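A.B. asks: Each chain, letter by letter, is given below.
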Amino acid sequence: MLSRIAESLFWIGRYVERADGTARILDVHLERLNHLPTEERRSVARELLGVMGARPQSEDFGLEELLHALAYDKHSATSIAGSLGAARENARRARETVSSGLWESLNTTYYGLNQHRKDVVGTYRFCHWVLERTAMVSGLADTTVSHDDSWLFLALGRSLERADMTARMLSTRDVLSAGMSWVNMLRCAGAYESFLRTRRAAFGDQHAAEFLLLDRLFPRSIVYALSDADECLAKLDPSAQRVGFINDARRIVGQARTFLEFHRTDDLMSELPEHMERVQKAVAQASDAISRKYFNQADELAWVGEVS
Amino acid sequence: MSDLFQDYSEAAGRTGAYDEMFAPGQKARQSYGQVAGALRELSLADVSARADSMARTFLDRGVTFDFAGEERPFPLDIVPRVIPADEWDVLERGVAQRVRALEAFLNDVYGKMTVVSDGVIPRQLITTSAHFHRAVHGFEPAGGVRVHISGIDVVRDAAGTFRVLEDNVRVPSGVSYVLENRRAMAKGLPEAFGQQLIRPVEEYPRRLLSALRKTAPSGVDDPTVVVLTPGVFNSAYFEHTLLAGLMGVELVEGRDLICRGNRVYMRTTAGEQRVDVIYKRIDDDFLDPLQFRSDSMLGCPGLVNAARAGGVTIANAVGNGVADDKLVYSYVPDLIRYYLGEEPVIANVDTFRLEEKEAREHVLDRLDELVVKPVDGSGGKGLVIGPDASKEELEALRKRVIADPRGWIAQPVLQLSTVPTLSGDKFGPRHVDLRPFAVNDGDDVWVLPGGLTRVALKEGSLIVNSSQGGGSKDTWVLAGSPQVPVERLPQQSITVRERVSVWPVESNWRDRQSEQQQQQISDAQEVTANA
Numbered sequence: 001m002l003s004r005i006a007e008s009l010f011w012i013g014r015y016v017e018r019a020d021g022t023a024r025i026l027d028v029h030l031e032r033l034n035h036l037p038t039e040e041r042r043s044v045a046r047e048l049l050g051v052m053g054a055r056p057q058s059e060d061f062g063l064e065e066l067l068h069a070l071a072y073d074k075h076s077a078t079s080i081a082g083s084l085g086a087a088r089e090n091a092r093r094a095r096e097t098v099s100s101g102l103w104e105s106l107n108t109t110y111y112g113l114n115q116h117r118k119d120v121v122g123t124y125r126f127c128h129w130v131l132e133r134t135a136m137v138s139g140l141a142d143t144t145v146s147h148d149d150s151w152l153f154l155a156l157g158r159s160l161e162r163a164d165m166t167a168r169m170l171s172t173r174d175v176l177s178a179g180m181s182w183v184n185m186l187r188c189a190g191a192y193e194s195f196l197r198t199r200r201a202a203f204g205d206q207h208a209a210e211f212l213l214l215d216r217l218f219p220r221s222i223v224y225a226l227s228d229a230d231e232c233l234a235k236l237d238p239s240a241q242r243v244g245f246i247n248d249a250r251r252i253v254g255q256a257r258t259f260l261e262f263h264r265t266d267d268l269m270s271e272l273p274e275h276m277e278r279v280q281k282a283v284a285q286a287s288d289a290i291s292r293k294y295f296n297q298a299d300e301l302a303w304v305g306e307v308s
Numbered sequence: 001m002s003d004l005f006q007d008y009s010e011a012a013g014r015t016g017a018y019d020e021m022f023a024p025g026q027k028a029r030q031s032y033g034q035v036a037g038a039l040r041e042l043s044l045a046d047v048s049a050r051a052d053s054m055a056r057t058f059l060d061r062g063v064t065f066d067f068a069g070e071e072r073p074f075p076l077d078i079v080p081r082v083i084p085a086d087e088w089d090v091l092e093r094g095v096a097q098r099v100r101a102l103e104a105f106l107n108d109v110y111g112k113m114t115v116v117s118d119g120v121i122p123r124q125l126i127t128t129s130a131h132f133h134r135a136v137h138g139f140e141p142a143g144g145v146r147v148h149i150s151g152i153d154v155v156r157d158a159a160g161t162f163r164v165l166e167d168n169v170r171v172p173s174g175v176s177y178v179l180e181n182r183r184a185m186a187k188g189l190p191e192a193f194g195q196q197l198i199r200p201v202e203e204y205p206r207r208l209l210s211a212l213r214k215t216a217p218s219g220v221d222d223p224t225v226v227v228l229t230p231g232v233f234n235s236a237y238f239e240h241t242l243l244a245g246l247m248g249v250e251l252v253e254g255r256d257l258i259c260r261g262n263r264v265y266m267r268t269t270a271g272e273q274r275v276d277v278i279y280k281r282i283d284d285d286f287l288d289p290l291q292f293r294s295d296s297m298l299g300c301p302g303l304v305n306a307a308r309a310g311g312v313t314i315a316n317a318v319g320n321g322v323a324d325d326k327l328v329y330s331y332v333p334d335l336i337r338y339y340l341g342e343e344p345v346i347a348n349v350d351t352f353r354l355e356e357k358e359a360r361e362h363v364l365d366r367l368d369e370l371v372v373k374p375v376d377g378s379g380g381k382g383l384v385i386g387p388d389a390s391k392e393e394l395e396a397l398r399k400r401v402i403a404d405p406r407g408w409i410a411q412p413v414l415q416l417s418t419v420p421t422l423s424g425d426k427f428g429p430r431h432v433d434l435r436p437f438a439v440n441d442g443d444d445v446w447v448l449p450g451g452l453t454r455v456a457l458k459e460g461s462l463i464v465n466s467s468q469g470g471g472s473k474d475t476w477v478l479a480g481s482p483q484v485p486v487e488r489l490p491q492q493s494i495t496v497r498e499r500v501s502v503w504p505v506e507s508n509w510r511d512r513q514s515e516q517q518q519q520q521i522s523d524a525q526e527v528t529a530n531a
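If you read the protein sequences in the order shown, they are chains A and B. No gaps in the numbering here: position 153 of the first sequence is 153 in the numbering used here, and each next residue is one more. No gaps in the numbering here: position 17 of the second sequence is 17 in the numbering used here, and each next residue is one more.
Don't read these hints as lab results, they were simulated from the structure. Please note that the accuracy of each hint is not assured.
To be verified - For the chain A half of the interface with chain B, some residues (derived, Cβ under 10 Å), not all of them: (1) 27; (2) 31; (3) 33; (4) 34; (5) 36; (6) 38; (7) 41; (8) 117; (9) 120; (10) 121; (11) 125; (12) 192; (13) 203.
What the hints assert, rightly or not - So these bits of chain B aren't anywhere near chain A, every CB distance computed over 12 Å: (14) 36; (15) 46; (16) 73; (17) 124; (18) 290; (19) 297; (20) 340; (21) 358.
These figures come from a predicted structure and were not determined experimentally. Quick reminder that beta carbons are idealized off the backbone N, C-alpha and C, glycines included.
Only chain B is shown next, with the shape it has when bound in the complex (with noise of 0.2 Å):
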C-alpha cells in the first residue's frame, strides 16, 4: 500500500472501532481488493486532483445543500463505502421488515389503536408524541400507503454488527446525493468499477415515480403526480429540483396548488389542472394551515381535507412523525414481533427510556458516559455527548432531563464503524452511517441498493450530519454472482460504414497546392529582393 495509508493502522487502532476497509493488521477485506488495488495505483497528486475535479463537478452541477442560507457543495469522499453481498442481504431485509412493521402501527395508531389495547406500548405515550396528528385520526388514505418512502438509519458497532439508530419515515432526505455520488464516482475512479458488479442506483426515480402512480386515487387512469417543496431556501432544494426533474413530474411550492371541493389542482398556463399524487417534502406543521399552523405560508389550505376524502394521496402520509418518534423507536423490535410476528433481523441500540424512573436515575448518574437525544429531533440536533461535553453543558442537560423527561432518550456511546478519509495529504479512519432507503408501493417493500453512507470530516468525531461538517461517500452493494444473471443478447456483427464523408478527403491535391503556394510565396520574396 502507498504511503497515502502509512500510519492508517495507527490512527484505525487508536478509535477501537470497527474499519470497514482494513482487517486488523492492515490487510483489506475481500470486498474491498479491487478498490485497494486500484488506490494503490494512485499517488497522492492524483488522489488530490481528482478529490478536487468531483468538488468542482458537484458545484457546478449545483449538487448542494442550503447551510444557512449559503449554497455549499456536499463534499464526497473518494474511497467508497463497500458493503459486500451476504450483509447487504441482511441489510436488506431487516429495512423492509421495519417498513412493514411501522406501516402497520401507524394504520393502527391512526385506527383502532390495538397496539394499545393489547398492552405492547402505553396509550399515553402516543398522544403526547410531538407529531400525532389528530387531525388525520381515523382515515385510511388513499392508496393505502403511509410510508411510501422511508430511510432507516443504520451504524455498525466496535463488534461489526448493524444496529438501527433511528427511523426517518416523515421526509427522509439525501437519495439525490446517492446519485449523484455513483455519477461522479464513475469519473472519479473509474478503475475501482471494472471486474466486479456493482448495483446500479439509477432505477431510484423511476421506481418512486411507478409507487407513487400506484398509490393514487382509485378511479384515476394516467395519475398526476407532482413534488411539493417549500421553495428555493430551504436545505434539501437541490434534492427537490433533481427528483422531480428525474421523474419528469412537476415541482411545485404550496401557492401553485388549490384544493376545491376536496381536489387538489395546480395552476398553468392551460388553465387548473387536477393533481392525483403529492410528494409532499414539506414538514406536517406547514402542510395546511387550516389544521395545522395557521401562519404557514408554504402549505395549501384544504389538503388534508383533500386527503381524508380520499381526493388526494399524500406521500408520505400527513401524521408519520408517531412513528420516528425516537421514544417510540425504543419499542420497534416489540411492534415488529406483534405486527408481523417475526424476530427483527436488525437489532436497535439499546436505548434508556428516561420516563422510567429506574433508568433516569441510572442515566443521570451517567451522563458522562452517554449520548443523550430530543425524541423529536433530527439532523443531530440538541443531542448530547456526554464524553465530550463540558460541566456547564451535562448541568444544562441534567435540569432539562428532569423537567421533560419524556423528551428525551439516552444510549450509549457507539464507536461508529470507520472508513478511510482523505484528510489533508493522506488517509485517515473517519466514522460513517448508512441510511438505505426503501420505497413502499403497497405490494411490496423495494430497498435501494447501498444508501447514503454519511461520514464525519472531523478526526474523532461521530456527528455526520451534513450541516456539522459531516460529508458522503458513493455506498457500492456487490452483486453476489447468481442473484444478477448477466445478459448476454446475441452480439449482431456491425458492419463498419467507413467515413466517406471527410473533406479534404485525400489531401493530396492540399498538399499540392500548398506546395505551388508556397511556391508563390518564395517566388514574390525573390521578386521584393530582386527590386
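Next up, chain A with everything else stripped away, as it sits in the complex (with noise of 0.2 Å):
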C-alpha cells in the first residue's frame, strides 16, 4: 500500500484515540476542579493543560480557557475538536482506502463538533458525545475494514495513542493531589468496575495504578496497549530474525512493555511520575521510528545508500 495513505491511517487511529482519552479525562477532572476554590482551580487548570501538552495562551488562564483549551479549539491538536478535525482530514486523504462507514462517521463528527453549549455543563455532555462517537467509529473500523495492513496500521496509531493517554491520565493524578482519588482515575480510563471485580477487597492508590499500568487483560493499561503494538507491528514486519531486531520501533515498544512488565518494586506510587515520563517518551520516539521505516523512507533510503 502507499506510504502517504498508511501514514493517514495511523493518524486516524492516533487521532481518534487521542480524541476519546481527552474526553474522559476532562470529564472526570471538570467536575473536581468546578469543586475548588478560583485561585486553586486556574493554577490546576494550567497543570492539567500541560500534562496534555500545551502550554496556556495567555497569562490568564481559568477554567472557561481550559475548556476552549482542551475540547473546543479547532486549532490545536490537543483539543478533542482539533482530533477529531485531523482525523477526519486524514480519512478524507484516504477516503478510497477506508470503508464509507468509517469515513462517514468521521464526517458526521467533524460537524457535529459545532452543535454543543460550550459552557460546563455542556462540556459534560459533550465528552459524553465524543466518547460515542469515538467508540463508533473504532467499532466502525474493526468491523468495516479488512484487517489486512491498512488496519494494521491503524491498529498501531490507536494502541501507541492509548498508552500514551493512559499514561497522561495516571500523570494527572500529581496535578490533582487535593481530592484526586484513584477512584476516579479508574473512572478517566472506565476501569472502575473492571478493576473492583479483579481486586476483591484490596482498594487503594497503589492497587489502581497497577491496574492502569500493568494489567495484562485490561485493554486500557499500559502493558496490554503496548503489546498490542507489538503485536500490529510483528505482523506489518513478519520477517523472522534469529537475533535481536532491525525494526526500531518493535525494539522500543518492546523495550518499554518489558520494562514496565518485569520492574519489580516496593513503591510504585514513588515512581509513577517517572514510568510515565518513560512510556511517554518510548511512545514519541516508537512512532518516529515507525514515519521513518513506513511513511518517509526517501529519509530512509538515502541514509542506506550512504553506508553502502
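Both chains are sitting in their own frames, so use the hints and assemble them into the complex.
C.D. replies: Shown next as C-alpha cells:
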C-alpha cells in the first residue's frame, strides 16, 4: 500500500484515540475542578493543560480557557475538536481505502462538533457525545475494514496513543493531589468496574495505579496497549530473525513494555512520574521510528545508500 | 432572587411547615447561600434544560425503580437539600445511638429476654410481632452483628426539630440513589459545589464491603461476599446490581446457591465456591423454604440452619423485623435508656399505642385529625391520613382498628419540612423526609454523611414514597472546616511535554501543497474552457 495512505491511517487511529482519551480526562477532572476555590482552580487548570501537552496561550488562564484549549479549539492538536478534525482530514485523504462507514462516521462527527453549548454543563454532554462517537468510529473500523496492512496501521496508531493517554491519565494524579482519588483515575479509564471485580477488597492508590499500568487483560492498561502495538508491528513486518530486531519501533515498544512488566518495586507510587515519563517518551520515539521506516522512506533510503 | 421564586414565600406560608432553604421573609439560610447564588444566575430555560438532561441521564444509566412491572426513572429534583455541619453532628450521633440500642435489643430478644423480665417491654408485644421468628431464637449470629445496614427515617417538624419517624433494620433500600444523585448533581448544578466542602458519599460501598468482610464467620481468611437478590423483577433491582458492582462481588439469586453441611456454596463455572457472607436483599419470609414460606422460589433451603451453625453470615440477620415493628418503635426511647444508659439524642414522634384502652378511645374520637399506620407496613402501604380521608375510609379504618388494635398505631399529622422543588415553570415548597444510612461492623457504627432525601412531588402531599409519586433530592452535608483537614501534598512541578507528535506538524507544506493543487484545478478549468 502507499506510504502516504498508511500514514493517514496511522494518524486516524492516533487522533481518534486522542479525542477519546482527552474527553475521558476532561469529563472526570472537570468535576473535581468545579469543587475547588477559584484561585486553586486556575493553577490546577494550567497544570492539567500541561499534562495534556500544551502551554496556556495567555496569562489569564481559567476554567473557560481550559475548556476551549482541551475541547473546542479547532487549531490545536491537543483538543478534542482539533483531533477529530485532523482525523477527518486524514480520512479525506485516504477516502478510497477506508470503508464508507468509517469515513461517514468521522465526517458526521466533524460536523457535529459545533452543536454543543460551551459552558461547563454543555461540556459534560460534549464529552459524553465524543465518547459515543469515537466508540462508533473504532467499532466501524474494526468491523468494516479488512484486517490487512491498512487496518494494522490504524490499530497501531490507536494502541500507541492509548498507552500515551493512559500515561497522561496517571500523570494527572500529581496535578490534583488534593481530592484526586484513585476512584476517579479508574473512572477516567472506564476501568472502575473491571478493577473492582478483579481486586476483591484490595483498594487504594497503589492497586489502582498497578491496574492501569500493568494489568495484562484490561485493554486500556499500558502494558496491554503496548503489547497490542507490538503485535501489530510484528504482523506488519513478519520477517523472522534469529537474533535482535532490525525494526527500531519494535525494539522501543518491546523495551518499554518489558521494563514495566518485569520491573519489581515496593513503592510504585513514588516511581510513577518516572514511569509515565518513560512511557510517553517511548511512544514518541516509536512513532518517529515508524514514520522513518514506513512513511518517509526517502530519508531511510538515502541513509542506507550512504552506508553501502 | 429570580422570578422562579416569585410566589414561593406565599406558598411556603400556606403549608405552615419549616422551610429548609428560606428563613421567614424569603431570606436564604446560611447553609443554602451557595445554592441560592447558583440558582439566581439561572433562567427558567436553563433550569428545565438541566432537569431534562438529568432525567435522561438517569434513564440512560438505568437508575430506575420498578413500578407495576414498568421501569421508571426515580425523579431527581435539581435543588439539593443542605444540612449544616452542626445539625448533622446531632443527627449522626442520634442515628448511631439508635442503631446500637436496636442491636442490643435484638440480641436480647433472641436470647435471654432480660428486657421483658426487667419490665421494660411486655412479652406479648414481642411474641405477637409478625416478624418475630422463633426459627432464629437462641443463637448468636456468626460475626456477632445483626443490624449491619440500617436506614433510620427522620423528619423535621414545624418547629424545626428532627424526630425519628421509623426504623428500618430489615432491608433498607435507597442508598443507590444517594450515590447516583450525587454524580448527577455534580454535572447538573456544578456552580453550587465550589467554595464549600460537601462531604463525599462515594466511600459507602467500600465501607459496606469492609463491614461485611469483618463480620464473616471466624476462621475465614479471605471471605467471599455475595449480594442475594430476589431477581430482576424486584423494585429495587437496580440498587442490588449497583451495590454488587461497586463492591466488586457477585450478585446471586436463590437458585445460584446451595447449602450442604451447613455451609453455603455458589455454582460457578469453576465448580462450587464457598460463600461466607450474604448481603440479603430479600424478605425473611422468602429466604428459606425449610423455615418460612415453603412455596418460596426465591430463597435457598438450609440457609437458616447454616447461619445457626455459624457457617455463614447473613446481613442483616434474620428476624430483625421485630425491631422495626411500629409498636416496638414507640418503646425505643426506653430501650435506649435501658441498654445504653443514655438519653435519646433524637426524639420520637408522639405515638398512640392502640392496644391501650384509653389511648384507643382517644384516637377513635379523633380519627380525622391523626395518621393511622399498620405496625408492620412499609412503603406507605395501608397508611391513612385522617384529614385527607373520606368518611367511608375512616369508618372502614375504625372497624379494622377495633378488630385488631395490636396491628395499628396513630400519630399526629406532622407538617414535614419543605424544600423548594421544581414543578412546572417555578419552584414550590414540597415536603421532604430524610433516610440516613448506617453501617455497623461490630465495633463502630458509621453513618453515611447525608442519606436519601425523598420529596413528595405533589403540592401539599405528605407521602414521599417512590411508589406513590415521590422523588428525591441530593443531600449535602457541609463539612465544618475543622473536622475535615484538607490534605495538601507538596505539589510536584509538572514538566510540560508538549505534543511533538502531531501530523501534519507545521502545516506549511500542506498549505503549499493545497495551493498547488488548487492551481492545478484552475489550470484544468482553463483547459476545459478553452476546449
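A.B. asks: Are the hints correct? Go through all of them and say.
C.D. replies: So, going through the hints one by one against the coordinates:
1. Interface hint at residue 27 of chain A: satisfied, since its Cβ lies 9 Å from the closest Cβ of chain B, which is below the 10 Å cut-off.
2. With a least beta-carbon distance of about 5 Å to chain B, the hint placing residue 31 of chain A at the interface is held under the 10 Å criterion.
3. Taking 10 Å as the C-beta contact cut-off toward chain B, the hint placing residue 33 of chain A at the interface holds, the least distance being around 9 Å.
4. Evaluation of the residue 34 of chain A hint against chain B yields a held restraint, the C-beta minimum of about 4 Å falling below 10 Å.
5. This hint holds: residue 36 of chain A has a C-beta 7 Å from the nearest C-beta of chain B, less than the 10 Å allowed.
6. Annotation: interface hint on residue 38 of chain A holds; nearest CB of chain B at approximately 7 Å, less than 10 Å.
7. Below 10 Å, beta-carbon pairs count as interface contacts, and residue 41 of chain A has one with chain B at about 8 Å; its hint therefore holds.
8. Given the 10 Å rule on beta carbons, the hint for residue 117 of chain A holds: about 9 Å separates it from the nearest Cβ of chain B.
9. For residue 120 of chain A, the suggested interface contact is upheld, since its CB lies about 5 Å from the closest CB of chain B, less than 10 Å.
10. With its C-beta approaching chain B no nearer than about 6 Å, residue 121 of chain A sits inside the 10 Å limit, and its interface hint holds.
11. With a least beta-carbon distance of about 7 Å to chain B, the hint placing residue 125 of chain A at the interface is held under the 10 Å criterion.
12. The criterion of a C-beta within 10 Å of any C-beta in chain B is met by residue 192 of chain A, whose closest approach is roughly 8 Å, and the hint holds.
13. Here the hint on residue 203 of chain A is kept, as its CB sits about 6 Å from the closest CB of chain B, short of 10 Å.
14. The Cβ of residue 36 of chain B lies farther than 12 Å from every Cβ of chain A, with a closest approach of about 18 Å, so its non-interface assignment holds.
15. For residue 46 of chain B, the non-interface assignment is contradicted: its Cβ lies about 8 Å from the closest Cβ of chain A, within the 12 Å cut-off.
16. Its beta-carbon lying about 17 Å from the closest one in chain A, residue 73 of chain B satisfies the requirement of being farther than 12 Å from that chain.
17. For residue 124 of chain B, the condition that its CB be more than 12 Å from all CB atoms of chain A holds, with the nearest at approximately 44 Å.
18. Annotated as non-interface, residue 290 of chain B keeps its C-beta farther than 12 Å from every C-beta of chain A; the closest such distance is 31 Å.
19. Against the 12 Å criterion, residue 297 of chain B stays outside the reach of chain A, whose nearest CB is about 28 Å from its own CB.
20. At roughly 31 Å, the least C-beta separation between residue 340 of chain B and chain A is larger than 12 Å, which holds for a residue marked as non-interface.
21. No Cβ of chain A comes within 12 Å of the Cβ of residue 358 of chain B; the nearest lies about 55 Å off, and the non-interface call holds.
When held up to the earlier numbered hints, the structure conflicts with hint 15 and nothing else.
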